[in-house]
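*Asks:* Going line by line, the protein sequences match chains A and B. Everything in the first sequence is counted per my numbering, starting at 1 for the first residue and increasing by one. Everything in the second sequence is counted per my numbering, starting at 1 for the first residue and increasing by one.
Heads up, some of the hints might be wrong.
As the list claims (entries may be wrong) - Covered stretches of chain A (chain B as the covering partner; in silico rule of three or more C-beta atoms under 8 angstroms from a C-beta of chain B):
1. 2 to 10
2. 46 to 60
3. 64 to 72
To be verified - Facing chain A, from chain B, some residues (calculated, C-beta under 7 angstroms):
4. W3
5. I4
6. L6
7. N119
8. V120
9. Y124
10. L126
11. A127
12. S130
13. T133
14. V137
15. W141
As the list claims (entries may be wrong) - Quick list of simulated restraints, FRET-style, between CB atoms:
16. I69(B) to P2(A): 47 to 57 angstroms
17. A111(A) to I284(B): 54 to 64 angstroms
18. L300(B) to L159(A): 52 to 62 angstroms
19. P301(B) to G147(A): 45 to 55 angstroms
20. V280(B) to T9(A): 51 to 61 angstroms
No wet-lab data here; the hints were simulated from the structure. Virtual Cβ for every residue (Gly too), placed ideally from N, Cα, C.
What follows is the residue order along each chain.
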Amino acid sequence: MPVDQIVKTVVFVIFTVMTLGGGLGVVVSPRIFHSALFLVLSFAGVVGYYVLLDAGFLAAVQLLIYIGAIAILILFAIMLSRGLMAERQSQSNQQWWIAALVALLIFVVLAAVLWRVDWPVASQQALASPSNAISQEGSQLGRDLLGPYVIPFEVASVLLLVALIGAVILARETES
Amino acid sequence: MDWISLLLVPAIKSLVVVVALLTGFAYLSYVERKLVARFQVRYGPNRAGPFGILQPISDALKMVFKEEIVPLNVDHVVYLLSPALTVMPALVIWAVIPVSGASFTLFGQTITPYVSDVNVGLLYILAIASLATYGIVLAGWSSNNKYSLLGALRTSSQMLSYELPMGITLVSVLLIAGSLSLVDIVQAQRGVWFALLQPIGFIIYFICGLAEAGRSPFDLPETENELVSGFATEYGGIKFALFFMGEYIHMITISALATTFFLGGWYGPFVNQIPVLGLVYFLIKVAFMIFLIVWIRASLPRIRYDKLMHFCWKFLLPLSLLNLVVTAVVLVLVG
Chain A
1 MPVDQIVKTV VFVIFTVMTL GGGLGVVVSP RIFHSALFLV LSFAGVVGYY VLLDAGFLAA
61 VQLLIYIGAI AILILFAIML SRGLMAERQS QSNQQWWIAA LVALLIFVVL AAVLWRVDWP
121 VASQQALASP SNAISQEGSQ LGRDLLGPYV IPFEVASVLL LVALIGAVIL ARETES
Chain B
1 MDWISLLLVP AIKSLVVVVA LLTGFAYLSY VERKLVARFQ VRYGPNRAGP FGILQPISDA
61 LKMVFKEEIV PLNVDHVVYL LSPALTVMPA LVIWAVIPVS GASFTLFGQT ITPYVSDVNV
121 GLLYILAIAS LATYGIVLAG WSSNNKYSLL GALRTSSQML SYELPMGITL VSVLLIAGSL
181 SLVDIVQAQR GVWFALLQPI GFIIYFICGL AEAGRSPFDL PETENELVSG FATEYGGIKF
241 ALFFMGEYIH MITISALATT FFLGGWYGPF VNQIPVLGLV YFLIKVAFMI FLIVWIRASL
301 PRIRYDKLMH FCWKFLLPLS LLNLVVTAVV LVLVG
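With the hints as extra help, turn the sequences into a complete structure.
*Replies:* And the structure:
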């Protein structure tokens with residue numbers, strides 16, 4: 001096996017342990033703050049997958065948005081709403097087996113879909129010059145968002161704007 | 001690909017960068033103390049060795065041999081993790097910064113003047129920079145101390161806020177350069193530095209850089225008069241030194257990025273004839289930016305926290321958006 005294949009396999013195993021272990025930690029950790037940190041670990045594993053798949057743009061965006069913004073917001077929310085060092089609390093109740101069953105079902109459905117669909121794969125030439133492919137990936141994404149997908153893009157922007165204004169109105173002190 | 005070019009060369013390059021940065025940090029603390037002393041008509045450290053140049057080494061030894069104190073009710077793992085998380089992003093950013101224009105050959109291996117030329121280099125930098133908040137948030141939470149928590153909340157919201165105008169300013173740079181790769185961005189400045197094409201952008205970037213690194217006049221993390229010592233209150237010895245190191249390496253990184261994005265990176269006179277001059281020019285520009293930051297620290301008082309946020313959201317952010325729009329329109333008109 002060529003050396004870059006070995007390296008990729010080792011790195012893949014590490015990222016898989018990060019992603020799955022992080023996910024498990026989110027569910028079983030007795031402190032909610034630790035759960036949030038395990039979520040960050042899981043997100044970081046996904047960043048690694050994107051890098052392995054030569055999708056640098058997606059990897060950077062995943063890091064920037066999920067780890068740099070969303071997880072930080074979750075941590076902020078926990079820090080502002082719980083006590084400084086919140087008590088340990090149980091992560092499960094008597095319905096845990098129903099939740100596990102649903103999770104298992106979703107896993108089966110997703111696995112079946114992933115197994116059966118014939119995924120389009122980039123041609124060997126495109127993979128041979130990854131730098132070319134990635135710079136095109138970025139500009140192609142921009143063209144698509146402002147071309148064929150402009151309406152969903154604008155709808156999403158309006159939705160975000162509504163959420164933004166809603167947050168301001170909810171958080172504003174009532175004048176009395 | 002053999003294992004030398006895949007693993008060994010990047011590992012050695014990373015090692016060189018990290019060692020250079022850690023040495024740079026040690027002597028930056030010395031240079032800053034000397035400079036600030038001169039600005040204030042004092043001598044500064046002058047006892048350890050000639051001109052006090054052994055001061056950083058004695059400081060480091062003192063920090064390492066201090067008693068290891070961990071407060072009783074801290075969250076152990078997170079408490080120990082956060083100083084490392086503060087230093088890590090500032091070091092990792094250096095993977096994509098090109099320090100010179102010319103590659104050279106050593107033992108049959110072509111050595112490029114950067115660890116990796118990532119195609120999405122600029123996005124990579126923004127993404128890694130957003131991780132710097134973690135060390136501070138986690139330190140504030142795990143210390144189990146109200147001053148730490150308040151300091152951490154304040155510092156992290158400052159950093160998150162100033163990331164916005166900085167990111168938007170870098171988009172203007174990206175529009176002119178037409179590439180996310182840092183090597184391409186420097187090469188686009190062969191003729192004119194972006195500091196001349198983007199004067200407002202450069203100033204906004206510099207202000208945001210000061211705020212990101214928590215440097216004066218934005219050194220709210222260390223408002224010792226109101227928050228004891230902010231998020232670092234419960235840290236001592238080498239763990240405190242790591243926070244300190246994070247701040248200083250951040251300062252070097254901010255200066256290096258300013259050089260790369262706005263001051264033409266390694267370009268300068270005669271750089272095509274004598275390639276090694278590229279590294280020299282790069283270091284001179286970085287040193288100049290660092291001097292500027294120290295100068296500002298010696299000259300300006302700290303800004304009040306609410307003014308700081310007002311300044312970011314009501315002045316810098318609209319200005320950076322306007323700058324972006326003007327840049328885009330001019331680029332379309334010029335073609």
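*Asks:* With reference to the structure, classify each hint as holding or not holding.
*Replies:* Right, here's what the structure says about each hint:
1. 2 to 10: holds (count 4)
2. 46 to 60: holds (count 4)
3. 64 to 72: holds (count 5)
4. W3: This hint holds: W3(B) lies near chain A, its Cβ roughly 5 angstroms from the closest one there, short of 7 angstroms.
5. I4: violated, 9 angstroms
6. L6: holds, 6 angstroms
7. N119: With Cβ-Cβ at 4 angstroms, under 7 angstroms, it holds.
8. V120: OK, holds: V120(B) within 7 angstroms of chain A, min 4 angstroms.
9. Y124: holds, 5 angstroms
10. L126: Holds: closest Cβ of chain A sits about 6 angstroms from L126(B), inside 7 angstroms.
11. A127: holds, 4 angstroms
12. S130: holds, 3 angstroms
13. T133: Since the shortest Cβ distance to chain A is 6 angstroms, the answer is holds.
14. V137: holds, 6 angstroms
15. W141: holds, 6 angstroms
16. I69(B) to P2(A): 47 to 57 angstroms: Roughly 50 angstroms apart at Cβ, these two residues keep to the hinted range, so it holds.
17. A111(A) to I284(B): 54 to 64 angstroms: Given about 58 angstroms between the Cβ atoms, the range holds.
18. L300(B) to L159(A): 52 to 62 angstroms: About 42 angstroms separates the Cβ atoms of L300(B) and L159(A), which means 52 to 62 angstroms is violated.
19. P301(B) to G147(A): 45 to 55 angstroms: Once the Cβ atoms are compared, 51 angstroms apart, the range 45 to 55 angstroms for G147(A) and P301(B) holds.
20. V280(B) to T9(A): 51 to 61 angstroms: violated, 42 angstroms
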